[in-house]
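Participant: Using the sequences and the hints, build the whole thing.
Residue numbers (this note's numbering), protein chains in the order written: chain A, 1 to 276; chain B, 277 to 493.
Think of the hints as simulated: they come from the structure by calculation, not from any bench.
Heads up, some of the hints might be wrong.
[What the hints assert, rightly or not] Simulated coverage check for chain B against chain A, where a stretch passes if three residues somewhere in it have a Cβ under 8 Å from a Cβ of chain A:
#, segment
1, 355 to 366
2, 420 to 426
3, 438 to 446
[To be verified] Estimated spans, in silico, between C-beta atoms of each pair:
#, chain 1, residue 1, chain 2, residue 2, range
4, A, SER135, B, LYS383, 53 to 61 Å
5, A, TYR241, B, ARG493, 40 to 48 Å
6, B, LYS320, A, ASN50, 19 to 27 Å
7, B, VAL438, A, GLU56, 25 to 33 Å
8, B, SER326, A, TYR37, 29 to 37 Å
9, A, SER16, B, LYS346, 31 to 39 Å
10, A, SER16, B, LYS320, 52 to 60 Å
11, A, TYR241, B, VAL438, 36 to 44 Å
Ideal Cβ placement from N, Cα and C applies to all residues, glycine included.
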Amino acid sequence: MISLIRSEIYKISKQSKTLYAIAAILIIEGFVMMSAYYQGAGIIDLLLDNLKDSFEFRGNLLNGNLIIYLILNSLWFHIPLILMIIISGFLTSEYKDKTIETVMLQPVSKLYFILSKYIVSIAFTLLIVLILAVSTFFISYWIFGYGDLVVYLDGLNFFKSDDAFYRLINAFLSGSITMVFFSVVSLTLAVILKDATKTWIVAAIFLICSNLLLKMDFNNDIINELFFSKLTDSWQYFFYYEIPYSTIYFKNLLLLGYSFLVMIIGILIFKRRDIQ
Amino acid sequence: MKRLYFLVVLLASLNLINGQEIDNDLVLIKQRMDSIKSYEAQIKLDIDISFINMPSKYGKVQYKQGESTKVSSEDFIMLPKRGLDLTLNEIFEHPFITVDRGEVNHKGVACKVINLIPTSSKSDFSIATIFMDTKAKRIVKSEISTKMEGVFTTSLDYKNYVDVLPMTIEVQFAVNNVKIPLRFLGKESEVDRKAIRQEGSKSGKIFLTLSEVQIVR
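Facilitator: Take a look at the structure:
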């Protein structure tokens, strides 16, 4: 099992798509920062426009914490999309290059083979989120400095710099669970579909539908609380003025459960299917 | 003869209006405030607006005669556009007349109430109502209707009977809810745009607490 995991890590480290994933993340960061640099003041100006009649403002809201928050919002779509494309490729490329047949000719358990894929995919996802978080914090604070964070979530919430840092760190940690869910789903889709293009399309549709369903009210408390798409926003809850920790723990634990379930489904399908 | 009498009365009344003086008690209070060359104090700001959540902010307020009041802080702070003019310099910047409105009891203190009506178009307020504690020679409440920024009601509470500067200042004003750029939304599903549109303007308050006040006369 360990040798299989090592083998998977070696493959990923040698594949150019890993570099593409990191490059894509840095490009997204760069775009958000450039946009914030040139338009950030205008956004804040618009946000606080109605308050200008009554207030004078002292201090800078266009700071590193705001930039990190804006980049963090790429967890809604950009980052999971990149992860789903790259991670599904871990398996579809094996089907395409027929290396999977070579591997299966060896005395390798199908269970351990696919399990190692899932484990490495999860590790890769966490690594990407870590790279995103570290680079975002480092570059944002370096260029834009520290300061209070303003977020619109059930009102205009202002957080002091140290409080904002705590919330952003925890949001990245919580967001990584959401990213793991999408990664596991994409690998399972790869198990089912085998073909890279089909998997990418279905993964993208899954992500889009998931985002749409998140906003949809099902008029049913159980579905609204337990349906998978309603659990992918736990990281945003760190920006409510009073952090609802119990909701965050509940959502994250349930999403981990969903991830585990999807992984089991993927493993069972892979085990039962012949490798051709 | 009747025409001459009417003319004399008319001229006398016009003279009375043109020569209307500023209320003596207000002048005394202004003179008392002018005795302050400078002051410094630590300031705590608390905001009470339904759609804004902000922790208490701390800063430093500094005033030097001839200059406007300055507030500095390491944090982002929101200051009311009115309420920090404790020395009445902004009100006295342009000429005005006062009209005595009698006496009113405010928080157990008998206060003289006057209206300030600007006589210059340069003045940024259209009318102001001032509640004066004439015995303690200080202002305890003011309602200033500005031309551009709405009405600001300021209540001032003092630590004791002799202090010239207040310990707490409460500024009340009307404020409109914020506009939300789409890209800035944290969790779009939670925003009830219809409700926001219907809310219109709301009353907001800001509380300023002064401490470690150092006055140079």
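Participant: For every hint, state whether the structure bears it out.
Facilitator: Hints versus structure:
1. 355 to 366: It holds: at least three residues are needed, and the segment 355 to 366 of chain B offers 3 whose Cβ sits within less than 8 Å of chain A.
2. 420 to 426: holds (count 3)
3. 438 to 446: violated (count 0)
4. A:SER135 x B:LYS383: 53 to 61 Å: holds, 57 Å
5. A:TYR241 x B:ARG493: 40 to 48 Å: holds, 43 Å
6. B:LYS320 x A:ASN50: 19 to 27 Å: Since B:LYS320 and A:ASN50 have Cβ atoms about 25 Å apart, the given range 19 to 27 Å holds.
7. B:VAL438 x A:GLU56: 25 to 33 Å: holds, 31 Å
8. B:SER326 x A:TYR37: 29 to 37 Å: Given about 33 Å between the Cβ atoms, the range holds.
9. A:SER16 x B:LYS346: 31 to 39 Å: violated, 57 Å
10. A:SER16 x B:LYS320: 52 to 60 Å: Given range 52 to 60 Å: holds, Cβ gap about 57 Å.
11. A:TYR241 x B:VAL438: 36 to 44 Å: With a Cβ separation near 40 Å, A:TYR241 and B:VAL438 satisfy 36 to 44 Å, so the hint holds.
Consistency with the previously given hints fails for numbers 3, 9, ordered from lowest to highest.
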